[in-house]
Structure formats: C-alpha cells, structure tokens
Amino acid sequence: MKNLIRIRDLTVKFYTYEGVVHAIDDLELDIRQGETLGIVGETGSGKTMTALAILRLIPYPGKIESGSIIFFDTGLRREIDLLKLSEDKMRSIRGNKISMVFQEPGAALNPVFTIGNQISEVFLLHQRRELGKRAKEQVDRLLRDGDGFAAGIKRPFWRWQKRLYDKISQESNPFEPRFLSHVPLFRRLLWRLENESKLLTVDMLKDVEIPDAARVAIHYPHELSGGMKQRAVIAMALACSPELLIADEPTTSLDVTIQAQMLELFRRIKVEKGASVLFITHNLGVASEVCDRVAVMYAGSLCEVASVEELFLHPSHPYTKALLDAVPMPGKDLQTIPGALADPLNPPSGCRFHPRCPSAMPVCQQEKAKLKDISNDHMVACHLF
Amino acid sequence: MTDWKFMARQLARNPLSLIGIIIIFIFVILAIFAPLIAPPQGYRDPYMIPRDGYSATPQPPSEEHIFGTTEGQYDIFYGVIWGTRSAFHVGLVVIGIVVVIGIVLGSLAGYFGGVIDEVIMRITDIFLAFPALILAMAIVTVIGPSLKSVMIALIVVSWPSYARLIRGDILQVREEDYIEASRGLGASSARVIIRHALPNAIYPTLIMASLDIGAVVLSAAALSFLGLGAPEGYADWGQLTSFARNWIVGPTAEPLKYWFAVTIPGLFILFFVLGWNLLGDAFRDILDPRLARR
Amino acid sequence: MELRSYIIRRLLLLIPVLFGVTVFIFGITMLFSPIERASLYIRSARQMGDIPAIIATYGLDQPFWVQYGTWISQVFHGNLGWSSVVNMPVWDAIWNFLPATLELAIFATPLIILMGVFLGTRAAAHKDRPLDHVTRVGAIAGWSLPTFWLGLMLLMVFYGLFRGLLPPDRLSFPMNLLVNSADFVRYTRINTIDAILNLNGPVLLDALRHLILPVITLSVVNVAFIMRLMRSSMLESLGKGYILTARAKGLSERVVVNKHARRNALIPVITVSGYVFAAMANGVVITETIFTFKGIGWWAALAATRLDIAGVLGFALFNAVLFVLVNLVVDILYTRVDPRVRLGGVMQ
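Residue numbers (this note's numbering), protein chains in the order written: chain H, 25 to 409; chain P, 823 to 1116; chain S, 2 to 349.
There's no promise every hint is true.
Unchecked claim - Within a straight-line C-alpha distance of at most 27 Å, the following computed DSS-like cross-link-like pairs (lysine-lysine) qualify:
hint : chain 1 : residue 1 : chain 2 : residue 2
1    : H       : K222      : S       : K260
2    : S       : K128      : H       : K113
3    : H       : K87       : S       : K295
What the hints assert, rightly or not - Covered, in the sense of this in silico footprint (three residues per stretch, anywhere, with C-beta under 8 Å from a C-beta of chain P), are these stretches of chain S:
hint : segment
4    : 144-152
5    : 280-294
6    : 302-308
7    : 321-332
Bear in mind the hints are in silico, worked out from the structure with no lab data behind them. No experiment lies behind these values; they were computed from the predicted model shown. Ideal placement from N, C-alpha and C gives every residue a C-beta, glycine not left out.
Could you build all of it, start to finish, from the sequences and the hints given here?
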C-alpha cells in the first residue's frame, strides 16, 4: 500500500499579538491509500491545524514555516508537494481530490443558498467536463428524436448548444462558453450544465441516505436538522469522489443516536468509495469504531501511531496510556492527567509532555524524541524506547 | 465589564482615534480660552460678533481680521472661536438632556414592560416616523427660530432612539436576571440587581451618546444655515456659513475671491464633527470584540 | 399564505402609528391661534381674504377632537391647507415640486447603493491594507461633512472657478423656456426622462449638467454610511464558517467574496435602507436649497424660514407617511432576501 499523504517536518506557527504560537511542531505522519486514519488529541494539540495545512487553508496570522506534504495523485500517478503548489493548482485539488468536512454543519453551510445550490457548486466547479458530456448527450438525443414544427425551430439552438457542450467536455477552459456565460440572454444556452449538476446532486444526497433527496435539495440549511445538515456537508465533500476525505470532529456536535448513524455512514464510505479518510476526534471511543489506524497528538507533535487494536491493546507512549486511563469506567476511580496543557506560547523544552509525564527522564527535558518503529507497524516518539 | 486601562491603551494605539482626541482637545482649548483668544468688545453679549462697519461685501483676511469678515462685516475669526463655545453648549446640553430622558423612559419601558412599555414604544414610533431634520424644522417653525428652539427641537427629535437603546439594554439585563433567579440564587429584589447590573449595560450606550455630540452639532449647524437657528450676527458656525450663500462666486476675474467666507466656518464644523466621529469609530471598534486587533 | 398575512398584519399595525402621527401634527397646530390655523384649511387665494368665514366653517373654536375630526377629513379630501410662500394649496405644492426631488432620488439612490456596496466590499476584502485605510478615512470624512458646506464648496469650484461648468438650478434659462413651451411635451415633469421621451438631446444634456453637483452632494454622506456598514458586515460575514467551507471546496477568492460573503453581508444593509431614505429626505432639504433646485425640499425650507405653517406641517406629514410605507416595504424585502426569516418547519 502506497502512502497517499506523507507529511514530513511540518511546522506551523501563528504570529499573534500576544506572541508566537507553535501550533504544529516538526510533524511526521503518513496517510495510506484506502485507510481511515484517526487523529486523536486534546484541544490545541494541532489536529485541526494539520488538516488545514494539508489543504493549505491555515488562517491568518498562521504560517506554514517549513516541511513538505507529499500527495500521491492516483489519477495522474504522480507525487506532488502540496506546499509548493501554485494557488491555482491547489484550488483544483480542494473539494476535488482532497475535501473536508467540518465540525459544525450549521456553520459550514451558507444560510442564503439552498442545499442543492451549494452541492451543485462543487460539480460545476470541478466536473465541468463530465457535465458537458452529459449535457451533450441530452442534446444529441433531442437532435435525433425531435421532429415536428417546434423541434424545427429549436434545432439551430440545439446545434449551438451541442457545440458548446462539446467544447466544455473536451477543452480545458474554452473561450466561447466562458464568454457567453457573462452575456445575459445567451447565458440560457448553458442551462443544461446546471440541470445535469442538479441531477448529480440529488444522486449524491441519496448516497448519504437523505430521504426525499429531491425535496431536501431545494430547502435552505436552517430548515434541516443537525444530522441532515451534516449528511449534506458530507455529500458536498464526496461529490467529486475525492481520494482523501478529511473529517474534523464530524460527530461532536450531534446527538448520540445520530452519531451512531453517522459513523455507520463513514464505514460505508470507506467500503464503497475506497477513499482514505483522515478522521479527527477527541473521543477515543469514536476513533475505535471507525478507524483503521490511530495517531495520537499532543501540543503539535505526534506521540504515537498504530493500528487501532495495537494502540488500545499495547499503548506505549505515556500520554496515550494516560488518555486511555482517563476514560471513565464503572467501578474505577476517575483518573486525570496531572498538570496543565502545554502553553502554546511557551511550550516546554524538549518533549512537550515531560512536565506531566510519570516516566520523565532528564533527557526528555533536553530533546524531543524521534518517531521510532517499535513493533508491527507501531511507531512511538518517546525516549523510553 | 470594560477594563478602562485596556480601553485607553487600545485607543492610544489606534492612530485615527489619537487624531480624534487631539482634534477634540484643541477645540476644548479654543472654547475654554475664547475670551482670551478673541476678546469680546465692550459690554455687549460676547456671543454677538463685533461688526466693523455695515458694508455687505466680505473683506479678505487682514491684520485686523485674521480670517477676514463676512457679509455685514462680521469678524470671522471671532465668530468661529466663540462658535466653538456655542457648539459645545448645544452639543452637551442636547445630549445631556436626551440621555436623561432616554434613561428614564427607557428604563421604565424595559423594567415594567406591559402597557407602559407598549405606550412608550408607540410614542417613540410616532417620533421616529419623521426624518429627523424635517421634524426639527417643523418644531422650530412652530416655536419660532432661535438657538434655543433648535436645541429643543433636537432634543425632541433625538430622545426616542436613546430610549429604545436603553430599553434594549435593560431587557438584556432582565433576561439574565430571570435565569439567575430561576436557578435559585436568591430572591433579592429585581430592582437591586438591576441597579448593579444596569451601570454596566449602560456604559457603552453612554459612550456612544457622548460621541453623538458631533452629529447634534452638525444638525444644529444645518438648521442655523437654513436661517432657523441662531439670529444673524450670533457666533454660530452654521449661521456664519449661511452668510456665504450669496458670496460663493466672486467677480469674473477672481471667482474665488470670497473663499474665506465660505471655507473657514465650514472647516471648523468639519473638523469638530470629524474629531468626534474618529473617536466614536475607535470606541466602536474596541467595544466590538470581533473586530479587535490581534 | 404567510407573506400575505404578514403584509396585512403590518398594514394594520401601521394605522395606529399613522393615527399617532396625525394627532401629533395636529397637536402642534393647536398651539396656534384660530386665525393662524385658518391657513390649514384654505384652498384658494380667494378664501384667504375671509378668515372669519373659515373659522366658522371649519369650527376652529371647537374642542380638540372635533377639530381633529374636521381636519383629518379635510386631509383625506386632499386639503392640507394653503402654502403662503408659493401661493398654492399645499397638496398642489407637493405634487408640483415632487418631480424635481424624484429626479434627484432616481440618480442618487443607485449611485449610493452601488458605490457604497462596492467600496465596502473592496475595503473588507483588503482589510488593513492601504485601500482599506484610505476608504475608511474617506468614509469618516464623508460622514463628517456638513452637506451644506460641501454643496457650497462644490458650487464655488465648479460654478465659480470653472465659470459656469456645473450651474445650480434645474435647467439653464433658454432650456427652461423650451421645456415650458408647446414644443416640449411634459410627461412626468422629470426633466431627464421627459427629454428622453421627447428625443431631445440638448435638454437631456442640460438637465444632466445641472444634476451632477446636487446628486454628488446628496450622495456623499450616504455613500460613507453604507460603505462603513457594508465593510463591517462583510468582515463579519467573512469570519463565518461557510467561508472556510467555500474555500475548502476550491472556489476562487473572487467567488468566495462576491458570491458567498456578499449575499450575507447585504442583509443588514437592506434593513438599513429605510434610514438611508430618511437621511436622503433630510439631505434633500439642504441640497435643494443650496442649488435652488426647486423640489419639495427647497419648498419646505422656504416655508420654514417664512413661517408658512401649513407648508411645513404638510411636508412633515407627507414625509412621515412616506417613511412609514418605505419601512414596510423594506421589512417585506428583508423577508424575501433572508431565507432564515421566512416561516417554515424543520425537516427531520
């Protein structure tokens, strides 16, 4: 299995008024093809920033200081460093080859546009050729079967449309359709593109198990429940069959029952679409349900990464062990991790966890541990190993 | 809760607000030291501008008249300096009274709710149904033009917005009270709680009100300009500008001959209002956490 | 139908407000003596000579509510009194001078909206960069400008310094003669529209030449206001979650700003447009006075200075009714524009 994403030496800093925040510190992480990788960690551990870094959407005043994110484009059979891509090319990857689902579906959807409109937008942006092809087929059929007086009048327009759609389906940025789309009356010639995108949208909504998809598509976000909204957002992310789907705490804001349905949906996506999923969560239970491998992050660095069973059976990094211990269980005293979260403005020297670590050694204060392979596909960054 | 020191620091950091503070400071100095800067002549009312003759043609700036004279030989320099005093007078009196009325009626409406609230709201609706200047014009016409009637008119026109603002603040505070009360934090009289929480809610409104002084002075100047305010020869910026109406264009050879009559009084108004607006803008930016600088 | 019942409900609520407005206006008039009040009921020049008859006919010494009844019924018959400054009934005066003001409004409103929205969007998109600072300072300066002073300065420069390039008044003298002659058909009494309808180029150009300065004077303050509002509204919109989603979809920054952010940002601006109308109504009084642009603002200012009570009050009443209706229209528009405000259930 090749690596879909290889993150190496990633450092992201935020230059705020109060000081420099070390959001991500020399991160090294792999996402494999077809796997669901979970990133687990507390707030501020850098999980969301990692996701945003992959898409190069780090907000101001953050900056990606160094590192590389190598993305293996299956379609083009080529490796590209996402951090070195031009903004244009990056945009063609966002929503298309790599897409993201955010935590709050209500906030992620624009309240003044319908659900269908927002999903169609993705098709119209990234899959114009496919839409052009389908539109052309529609027009072909009309040209073939149409007869009678009405058809006779419409014929020249059909031929014009066919030419336009042909261009769209074959050329990269054809002039004539682009020009016409700005001219008021002649814009109508391209209506089939929107039509086809609407059909694809409804299909997509059905795929994420939204009942009565056609009717939902013409509704506005505030008219949907939380679970439906999240499904719609997932539909939006999966529209162009991305190779990597990033899900940032997708179930955190939902009811527990809806949560279960959502996890089932993710499992199905994994099986049917074959996409890789980067699943970010702070809930270990959810991670265990849905992920193949799990990575544990603390204060911007990776602590441990292993397959789900391996991690839960043999947690090696002290932080991982502490996290698992802290999960409340009946009959057990509530365990907490002593100390406070690492101050992002002034992180501890060396290993970020050493002030709170029960097995801290002198060397932990001086230098950060490197990721090491300790057993079957189980990597830890700790001086104990 | 606003931390005053933090606010002051933020204000000082913003260059625009600094300029605003400086401008206002200059005007305050001008107003306080008006008798020294432009000494009144004789026993007449210091607010009446001294005339140097009765000729209608404005005279350009000279040694005797630093900014020149306007129609009727009124000294422009004297007029704008003492005009600063009348500007502050109008602004402070109007805003002061408006805030008091607003607090009283707004609190009554907000606290008691019910019929009292409805009645007060309907009354404000009626006043707010008129565009401000137009209602002020009507009131001044009815009472008879003078600076006093301008102030009365502006008070009548401005109080409804403040009553509504304060009513809104009180309603917000009331909401929190009920929630706390339902949590069983004590059955202390709602009025006591409001008396403590009210000042905090009102601070932003009070700050905004003090910064509306600029807007009030602008409206007063407009009314004076139309001839509905201060009498002729009174030291009022709007009044001074109204003289300039006849002298916009000079003789063919020198069209801008009487520029000083038009430009100078207007500049004073502009900078006065600008100062208050800059300050107001800065305050708004500070009080709005979303737009706070990082 | 939700919308229809909403409109009906709002119209019904209008009635007490309009009632209050009329009582308020009428109450002001009661501060005057019956003789002065007579001007509120006079319809023609002839009647002016016979005040006692007026007092008797309309019962100007009756109790308050009786007089109110008389007055309001007169108002409904279109009798708002006699305006002494222009020697015609108030009602006639309003309709006589309204086209000029409408002309100003027709040109100023799109200018204000387009410039305000455009500049506000640009300022927000380039936040904290030079363009933002420049437009912000410009907005504050524009907002602080006394309208009358701006008008005077513009006249001084463009009429004085540039020798009559952009003159005051509505039309130059020869054009005015032409327009009032038999060769020119007055459809709307709005000079520019009539000129187009008459296919008369010179009149159109002349009218436009006279419109430039008043329209600019009227617009500056309002553009500043809209611009600042649009900027802060855009900044708020750009900070929302759906903007990040839009970027994550791969949309270009231009589409993100113009399509996703702006639509949301326009909503507060629309709710404010009622106040822009009021600000324009205020501005019109001063602007028309300075440029001797004979519209209702000019007439009202003249009436105020000459203590023409019927005129001033008639103008105030007209404005109040118009303003209330405009606010209603704006509220309805708001429900169309913001989907969240429309009533509907939640789908499970």
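Each hint tested on the structure:
For the hint linking K222 (chain H) to K260 (chain S), the alpha-carbon distance of about 19 Å falls within 27 Å, and the restraint holds. Straight-line distance between C-alpha atoms of K128 (chain S) and K113 (chain H) comes to about 25 Å, which keeps the hinted pair within the 27 Å bound. With a CA separation close to 60 Å, the supplied pair K87 (chain H) and K295 (chain S) exceeds the 27 Å bound. Under the rule that three or more residues need a Cβ within less than 8 Å of chain P, the assignment of the segment 144-152 of chain S holds, with 7 such residues.
Residues of the segment 280-294 of chain S lying with their CB closer than 8 Å to a CB of chain P number 7, which satisfies the three-residue condition for coverage. With 5 residues carrying a beta carbon less than 8 Å from a beta carbon of chain P, the segment 302-308 of chain S meets the three-residue requirement, and the given coverage holds. Coverage of a stretch by a chain is defined here by at least three residues with a beta carbon nearer than 8 Å to that chain's beta carbons; for the segment 321-332 of chain S and chain P the count is 3, and the condition holds.
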